[in-house]
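Place chains B and C on chain A using the hints.
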Amino acid sequence: MFEAIAFYTFSAVTIAMFTITVMSKNALYAMSALAAGMIMISGFFFLLDADFLGVVQIIVYTGAVMAFYAFGMMFFNTTRLVKENIRAPKLVFLLSGMSALLLVVALVAPIVSDHIEPFYPVVEGVENPQAVGIVLFTKYLVPFELAAVMLLVAMIAGIILAGKKMDESLTLKVDGEDEFQNKGSK
Amino acid sequence: MSLEQFKDRNVTQNYKFIPVDKPPVAPLDKFKQALKRTFKGELFVGLWVVFREMVRFNIHTVQYPKEKLPISPRYRAVHKLYRLLESGYERCIGCGLCEKICIANCIRMDTRYDENQRKEVTEYTINLGRCIFCGYCAEVCPELAIVHGGRYENASEQRAHFVLRDDILTPLDFLKEGKQEEFPGFGAVSPNADERIKKTPLAY
Amino acid sequence: MTMTEFVISTIVKILVVLGIFSALAGFGTYLERKVLAFMQRRLGPMHVGPYGLLQVLADGIKLFTKEDIVPQNSIRPIFMIAPVIGAATAFIALAAVPLFPEFEIFGITVHPIISDVNVGVLFVLGVMASGLYAPLLAGMASANKWGLLGAARTVIQLLSYEVVTGLSIMAPLMMVGSLSLIDINNYQSGGIGDWIVWSQPVAFVLFLIAGFAETNRTPFDLLEHEAEIVSGYATEYSGMRWGMFFIGEYTNMITMAFLASIIFLGGFNDLGFIPGGLAIVLKVSFLFFFFLWTRAAWPHIRPDQLMWLCWKVLLPLAVINVVITGLVLMI
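Chains as they are written, first to last, in numbering that gives the first Met the number 0: chain A, 0 to 185; chain B, 0 to 203; chain C, 0 to 330.
Because the hints were derived from the structure by calculation, they are not lab data. Certain hints may be false.
What the hints assert, rightly or not - Here are the simulated lysine-lysine pairs, DSSO-like style, with alpha carbons at most 27 Å apart: (1) B:Lys-29 x A:Lys-163; (2) C:Lys-61 x C:Lys-33; (3) B:Lys-31 x C:Lys-311; (4) C:Lys-311 x B:Lys-35; (5) A:Lys-82 x C:Lys-144.
Extracted from the complex, chain A is given alone in its bound form:
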């Protein structure tokens, strides 16, 4: 019973949060609702006894949405409404609604089927993190390593993009001080 209550509460809150994310014109509302929704999703993992994934959901999305806030802070005045320029609202809503529906149908379809067999069923006596590790390093090894390489590439690219003027300190002003000292000595 508690699980049912928890499930329906979490799903209601999650859906409400993501609705706010999509509908709100205020960047701060949208981002906060996104963060709240992401953290609420971790509740489902906990309900399914996937503690590790639940915690990872919290940790990863706390940081990720926080980065969104940084962008929001840089691009908008977050206390004002954003003027959105939507030309054909009906078409946009129709297309996005259809694709969302398709996605849901595609993902929910296997529930109806009777012929589902898990490739990697839950092994008794293996804890959560170990189970994730086993799957990650057997079945999903290639995507895992690919993702790692992609992240590395992104990191190096970011360092190169941002690092052009890294030697110049904004606060220390070593050169300026030297000039001043030279003037003083003359």
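The following block gives chains B and C in isolation, referenced to the frame of chain A:
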């Protein structure tokens, strides 16, 4: 804490010049500096110093309303009106010099001739809300009737309380107990005044 | 244990933890003021109650009765909810911390942990990290430039030090082979020699440094650095909403002290003649004192120094530490 250290004006300052090196520029030097600072234990020196002070428990707090620091006799706080020691009459002769010299215009007095054709001060008020405590009134008073005392806590609920003459006049019973001391404040003659008097040079 | 018993015992535990730790957070402010005062040759609060002990109560009355101001151009709901996030996450994080060894009371064995998640460490750190949404949202919603600067600093501080915390506890976790705080505690049950701090000193130092940054304590107290950005994210706050940030901060400090003493300092195992419950209280008190000690002794650092320290010093050290631990474990 005695007053002696306030009076001593021959204080020698032991300033110590701390040489400040130029900040390192080369990356290797910066790295060396960071390494040196990490392992030299400067941070722990800081920790030790504050811990030592905590253990020594050498507290300098003055718990103000309960304890008060002594105040210098030259301090110019709320005025006092003095009485003559023998008769208990007010020293003020109503000359009006203080009223004239007051640059904040806060002294008002009212005088009349009494039955002996002596001047009598009927009203004397100092508006402490306006007073800037410059000390001119005490300086100019020929009779040492108005001096500056050491009472610096002047807060009140009403402005009217800042002008009351009764508060600054020495009470009669206080005088009879001999508690009106002659040199407590600014504007009065210093205790060693006799020694400091010199003959007026008349040799011109 | 039946379902009803479980629910009742959990609710009782939650109430006890909430009550004790919010009181402790208040008492923590008193301790902080006293310790800082003694280290600076002052007396600290003295007038309310004997030795100022009732100062906390006076502050509480003041905070509760103060006007709750919401500035005009702020985003009202988020402005009002931000402090609640701060206090709530601090207490939620405590849910997975085993506070004491098991003990018996009225014939019932009590496990002093609200919820024994088997990934306890990660849960506590994750929830504490999401607690930094409080200053972020507060700063961004209060329509104040100082607040915005405070929020920006929250972002950089969280994003960088989160990594260091994770990597620094990775090495001890590799040694223990479990993410459960109880397992980590039991791993060190053999006395002082078994403490992880002896085999992982670097990780301990890194964890403490990152802990200071995550709980927003002095050497990294950039979010509300008075000398630079007035009061940072809390500039526009007043009354109990302002107080809630600090209940959260002090609870986080206690949680951090619990984590450090469980992971590195032997947890609640018996220490010679000292029973385990007392031992962990001593350790946590020392670490809490250390938080205050550094506040008296060390200066703040600049944000660019914070970033420099994190990415160029602590992160490489943490990675090297993990690699070396891995090599040692393999050989």
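Against the structure, the hints come out as follows:
1. B:Lys-29 x A:Lys-163: 20 Å, holds
2. C:Lys-61 x C:Lys-33: Distance of about 20 Å is within 27 Å: holds.
3. B:Lys-31 x C:Lys-311: 14 Å, holds
4. C:Lys-311 x B:Lys-35: Holds. Lys-311 of chain C to Lys-35 of chain B sits at ~16 Å (cutoff 27 Å).
5. A:Lys-82 x C:Lys-144: 23 Å, holds
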